[in-house]
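Listed below are the residues making up each chain.
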Amino acid sequence: MLILRVVELQRREFLKLVGTAAVVSSAFGVVHVASASQHTVTSSSGERVVPVMCGACGAGCGLLFVERNGGRYLLPNLEHPQPGMCGRPASALQMWSHPLRLKKPLKKVGDKFVEVDWDTALNEIAAKLKEVVERYGPESVVITRHDVHSWFLPLFQYLVGTPNLIGHEGTCHSASTAARTTVLGAGGPPTVDPDYEDVSYLVLVGRNLDAAMGLIRRLTAARERGVKIVMVDPRVPNIAFSSVEWVPIIPGTDAAFLMAMAYVIINEGLYDVDFVKRYTNAPMLVKPDGTPLSGKEVGVEGDYVAWDAADNAPAPLDKAKDPALVLSEEARQRVGGARTVWELFVERVGKYPPDVAAKIIGVPADTIVRIAREFATARGVIEDGWYSAKNGNDFDTYRLVLILNVLVGNIDKRGGLCFQESAGFPNVCDPAGPDVVTVTGVKLPAPKAKRLDKLLYPLNTSTFDAVYEAILTAQPYPVKALFIVGTGPLQRDARYQMAVEALKKLELVVAIDIFPHDHIDYAHYVLPDLMFLEREEVATVKWTLHAAIQKSHKALDPPPGVDARHAPWMLMEIVRRAWPDRAKAVGYDERYADPHKFEEWERQLVEAALNKVADRFKVSLDDLKKALEERGFVVLKKKSYGARPYKTKLGTPTGRVEIYSITALRNKLDPLPDYRESLYTRPKAPDEFYLVNGKDNVVSSHFAFTPNAKYLGDRTVWMNPKDAERLGVKDGDEVELEAIDNGFKARARVRVTNRVREGVLFAYAFLGGRRSSLITERFAFLREGVNPQWFTTGKIEPVVGSAPTNSTVRVRRL
Amino acid sequence: MTRLAHLWDQSRCIACGACIAACNAANYHSTDMTNKTWGWLASNIRRVEVLRGHRPLLYLIQCQHCEAAPCVTVCPTGASYKDADGLVKIKPELCIGCKYCMVACPYNARWLDEETGLPRKCMEDECLSRVKAGLDPVCVAVCPADARAFGDVDDPNSEISRRLAKSRYVRLLENKGTEPKYFVVVGP
Chain A
654 MLILRVVELQ
664 RREFLKLVGT
674 AAVVSSAFGV
684 VHVASASQHT
694 VTSSSGERVV
704 PVMCGACGAG
714 CGLLFVERNG
724 GRYLLPNLEH
734 PQPGMCGRPA
744 SALQMWSHPL
754 RLKKPLKKVG
764 DKFVEVDWDT
774 ALNEIAAKLK
784 EVVERYGPES
794 VVITRHDVHS
804 WFLPLFQYLV
814 GTPNLIGHEG
824 TCHSASTAAR
834 TTVLGAGGPP
844 TVDPDYEDVS
854 YLVLVGRNLD
864 AAMGLIRRLT
874 AARERGVKIV
884 MVDPRVPNIA
894 FSSVEWVPII
904 PGTDAAFLMA
914 MAYVIINEGL
924 YDVDFVKRYT
934 NAPMLVKPDG
944 TPLSGKEVGV
954 EGDYVAWDAA
964 DNAPAPLDKA
974 KDPALVLSEE
984 ARQRVGGART
994 VWELFVERVG
1004 KYPPDVAAKI
1014 IGVPADTIVR
1024 IAREFATARG
1034 VIEDGWYSAK
1044 NGNDFDTYRL
1054 VLILNVLVGN
1064 IDKRGGLCFQ
1074 ESAGFPNVCD
1084 PAGPDVVTVT
1094 GVKLPAPKAK
1104 RLDKLLYPLN
1114 TSTFDAVYEA
1124 ILTAQPYPVK
1134 ALFIVGTGPL
1144 QRDARYQMAV
1154 EALKKLELVV
1164 AIDIFPHDHI
1174 DYAHYVLPDL
1184 MFLEREEVAT
1194 VKWTLHAAIQ
1204 KSHKALDPPP
1214 GVDARHAPWM
1224 LMEIVRRAWP
1234 DRAKAVGYDE
1244 RYADPHKFEE
1254 WERQLVEAAL
1264 NKVADRFKVS
1274 LDDLKKALEE
1284 RGFVVLKKKS
1294 YGARPYKTKL
1304 GTPTGRVEIY
1314 SITALRNKLD
1324 PLPDYRESLY
1334 TRPKAPDEFY
1344 LVNGKDNVVS
1354 SHFAFTPNAK
1364 YLGDRTVWMN
1374 PKDAERLGVK
1384 DGDEVELEAI
1394 DNGFKARARV
1404 RVTNRVREGV
1414 LFAYAFLGGR
1424 RSSLITERFA
1434 FLREGVNPQW
1444 FTTGKIEPVV
1454 GSAPTNSTVR
1464 VRRL
Chain B
1057 MTRLAHLWDQ
1067 SRCIACGACI
1077 AACNAANYHS
1087 TDMTNKTWGW
1097 LASNIRRVEV
1107 LRGHRPLLYL
1117 IQCQHCEAAP
1127 CVTVCPTGAS
1137 YKDADGLVKI
1147 KPELCIGCKY
1157 CMVACPYNAR
1167 WLDEETGLPR
1177 KCMEDECLSR
1187 VKAGLDPVCV
1197 AVCPADARAF
1207 GDVDDPNSEI
1217 SRRLAKSRYV
1227 RLLENKGTEP
1237 KYFVVVGP
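Top line first, the protein sequences correspond to chains A and B.
Numbers given in our numbering equal positions in the first sequence, counted from 1, plus 653.
Numbers given in our numbering equal positions in the second sequence, counted from 1, plus 1056.
Hints were generated in silico from the structure; no laboratory data involved.
It should be emphasised that the depicted structure is a prediction, and the values quoted were computed from it without experimental measurement.
C-beta: ideal position from N, C-alpha, C; glycine also.
Incorrect hints may have been included.
To be verified - Here are the simulated DSSO-like cross-link-like pairs (lysine-lysine), alpha carbons at most 27 Å apart as the crow flies:
1) A/K1383 x B/K1232
2) A/K1279 x A/K1302
3) A/K1292 x A/K1066
4) A/K1103 x A/K783
5) B/K1092 x B/K1188
6) B/K1188 x B/K1147
7) A/K1363 x B/K1092
8) A/K1300 x A/K1321
9) B/K1222 x A/K881
Said to hold, decoys possible - So these bits of chain A aren't anywhere near chain B, every CB distance computed over 10 Å:
10) D764
11) P1017
12) L1125
13) K1250
14) G1381
15) F1397
16) S1426
17) V1452
To be verified - Among chain A residues calculated to face chain B with C-beta under 7 Å, some are:
18) C739
19) Q747
20) T873
21) R1424
22) I1428
Isolated chain A, as found in the complex (with noise of 0.2 Å):
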């Protein structure tokens, strides 16, 4: 729920905005109604507003296109569930008419790119295709993504018969949503999330809430309370400019403060014991092999036992009165020797005490002690993590921020860690049986082979620095052709050197974008894709606790000069000219070569999955879509507090919070977590330095090309003034740095700041080091600074399929 203020500042902003009942029509086409409960468009001043969702990162926030006195510019929808902004859509005029924008399909022709006309590009990609599939299989199909057009892709996927559509989660949140999933039987990292205005301690580790910029704007009501806020980071994000307490750690050692806290928590008996007995496995028996005790060992019911103490018995997990978080040893005698898993968990924690911990994260125990005691006595949140691909070792890191929050027992409460409501936006396809079933129940033929990823880290989201390993050994199977979309795989991915190698012997690179990132210089064909303000696009409001839907208007068309063309005609035409058979099946055929057709044919798909959400929120498809014109988002259903686990199992094996996972023990990880050492090499010489990276609200891939990213992006690393001091190094001198795990050379001016802690080196991701042949004198800057995947150890952590993008590097003066 939005605060009141907001409120008040939304109903003022937009009475003053809009006019009464009005019909508008722009130059650009766009039509909306208006009146003054729709807040969209008023004439009488020649105003034009229209409700976009913005995609300059992937949080798609709730913004308005506002043109006015011959003026164009972004302002936060303050009514929508997740109101912007930041400076990236604040510059997002600057990306619609930037000089560097992808203008026309481009082909690679010996080592140069040659403007081609959209047909000879469709044709020979199609061709291209057809060939590489029939070759070697659909499976040598990769397609890769980041958020845009997510929702179309799984289409274009299955009418290519690939199982190989892989995101770039795994230098994302893959490790953060196996532990979500592990724990807590929840998903991606929008699933679940603290209750940000009505938290009244929260704890933030690794993550800088950079976005969404809805958090923010519901964490503002919690600062109005007094809401403390602990930032646990090896360098001050923006975020930490603000009113909050900077724990600056040691790389990689989050899981060791974790645990002490947890140690602080239970030795002092600061936990909720009434939750952890009723809702988590802590009472589960454990043989000592590791596994469950089952109820047959013991002549009761169910896969999963308890003491119960109530009647000194075992009983079913879910069925004991009084379920025994310690044991007799009578009562363990019974069991054969048995343990609870509270009983493992706590002498695991024991192993950290705050004096142990604070040598192993830099941090003095008092600190430790005293957040830990904080937090537990405001019964706080702990933040469950999104850009969480740093150090290897972060399956543990969030599977222990999770189990702290359930510790306190401020599981879906007002102001705790909460479950968001699901919208219940269905995909484009989903796997039925043997086959595949579009939204709008056309059956496709499920892929034969497995996606090659899950092969090597079954519980990832997506993995997708395995392609590369796959692409140069031909293992588990060839890969030939990659369709990349919307994403930059090298400024993404962890195995940078591995990733150009392997680009290069694909035979079909096909580059969908509005930018030349790195890889654009790979690919055999480059086709320039609408931004967000010049298409539609109907999604699932990603981070608010409601269920919502929103709908991003077309604001603007391309600007001169730029023959970009929608992402999804683009792939269903080179379907189309590849297997007019399999088009035609889904409806497509050569009436929608035209891309304004092809809006009508996108359109069916959009309105069959409305009208399931109207299906199972019993409210009119028209009422939806209607809601949909006018104010760009409709909350289907608030949030309603202590579901899950009061009343509702949860999706893991027992139904209950796992701070014993079973699914990580059925996938031999160790089923309780631990502080494990970072997969890169430690720095161990006063010239070795941790080089830490991050994002910021003034950073994505996109923004770093506007010209305002010149001044409001950083491309330099930041070191300590103690160790420049150490070093000899002066505020914005050049130092070459050296990669200690895979030897990767590059040069970088140094930021000495007290922004990062001694012994610690920070580099934003996605801003800095371009290396794209397209980027002309102009947009120089791009060219300055690190890329912080070229220094990476190219390791990925097990099963989890999380690859750290922090890395070791030494540093020499220049």
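Starting from the known structure of chain A, fit chain B onto it as the hints suggest.
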């Protein structure tokens, strides 16, 4: 009397750059022209980071709409003036581009538009138009952290007055005698 003023809450600002970039978009049509005076984008808000103290500090600097504005005092043509609404404004038709105002400003809040040869500062046309229409200036409208407010400090019921009443705040370089109307909130 009306005395319009800006409030910036340092304890809430998350340095997201929305106000800085939105000023560029709304007032300068998203131009990529460089603001050479500040080594910055074409925006009326400048970011200053203090990075050597015991904790990092951020300041957003813009025209302070001083009651005793040195830029107005030194202007030889009356182009810089304090309006009846309390805002310091520029009449470009009177400005001769002498830059006295830029030199006189202790906040370095003005920058030179090299295309026109005239100084620029907060607030520009779109923001003034918005204020005239009863809307917030664009920097206030876009702020996701509710770190900004704008309004009449002489009206006790205005948003800015209400926030000042419950906050600890400072004004920058008060010792210069400028009586600035840019209120920097440092905490509740």
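Evaluated hints:
1. In summary, the hint linking A/K1383 to B/K1232 is not supported, as the alpha carbons are separated by about 33 Å, beyond the 27 Å threshold.
2. Distance restraint check for A/K1279 and A/K1302: the Cα-Cα separation of roughly 36 Å exceeds the 27 Å cut-off, and the hinted pair is therefore not satisfied.
3. Of the pairs offered as hints, the one joining A/K1292 and A/K1066 holds, with about 10 Å between alpha carbons and a cut-off of 27 Å not exceeded.
4. About 20 Å separates the Cα atoms of A/K1103 and A/K783, which keeps this hinted pair within 27 Å; it holds.
5. Proximity of B/K1092 to B/K1188 is assessed by CA-CA distance (about 30 Å); at most 27 Å being required, the pair is judged violated.
6. For the proposed pair B/K1188 and B/K1147, the alpha carbon gap of about 17 Å is at most 27 Å, so the pair holds.
7. With a C-alpha separation of about 13 Å, the suggested pair A/K1363 and B/K1092 falls inside the 27 Å cut-off, and the hint holds.
8. Only pairs whose Cα atoms come within 27 Å are accepted, and A/K1300 paired with A/K1321 is rejected, the gap being roughly 31 Å.
9. At roughly 19 Å between alpha-carbon atoms, B/K1222 and A/K881 fall within 27 Å of each other, so this suggested pair holds.
10. Residue placement check: A/D764 keeps its beta carbon more than 10 Å from all beta carbons of chain B (closest about 30 Å).
11. The non-interface label for A/P1017 is consistent with chain B: the shortest C-beta to C-beta separation is roughly 16 Å, beyond 10 Å.
12. Taking the minimum C-beta to C-beta distance to chain B, about 40 Å, the non-interface status of A/L1125 holds against the 10 Å cut.
13. Distance check for A/K1250 against chain B: the nearest CB is about 32 Å away, which clears 10 Å, and the non-interface claim stands.
14. Even its closest Cβ contact with chain B, about 17 Å, leaves A/G1381 beyond 10 Å, as expected for a residue assigned away from the interface.
15. Every C-beta of chain B lies more than 10 Å from that of A/F1397, the closest at about 28 Å, which supports listing it as non-interface.
16. The Cβ of A/S1426 sits about 22 Å from the closest Cβ of chain B, beyond the 10 Å cut-off, so the non-interface label holds.
17. At roughly 35 Å from the closest C-beta of chain B, the C-beta of A/V1452 stays outside 10 Å, upholding its exclusion from the interface.
18. With a cut of 7 Å, the hint placing A/C739 at the interface with chain B holds, because the nearest CB-to-CB distance is about 4 Å.
19. Annotation: interface hint on A/Q747 holds; nearest CB of chain B at approximately 5 Å, less than 7 Å.
20. Satisfaction of the interface hint for A/T873 is found here, the shortest Cβ-Cβ separation to chain B being roughly 5 Å, below the 7 Å cut-off.
21. Taking 7 Å as the C-beta cut-off, the interface hint given for A/R1424 is violated, the closest approach to chain B being about 22 Å.
22. The criterion of a C-beta within 7 Å of any C-beta in chain B is not met by A/I1428, whose closest approach is roughly 15 Å, and the hint is violated.
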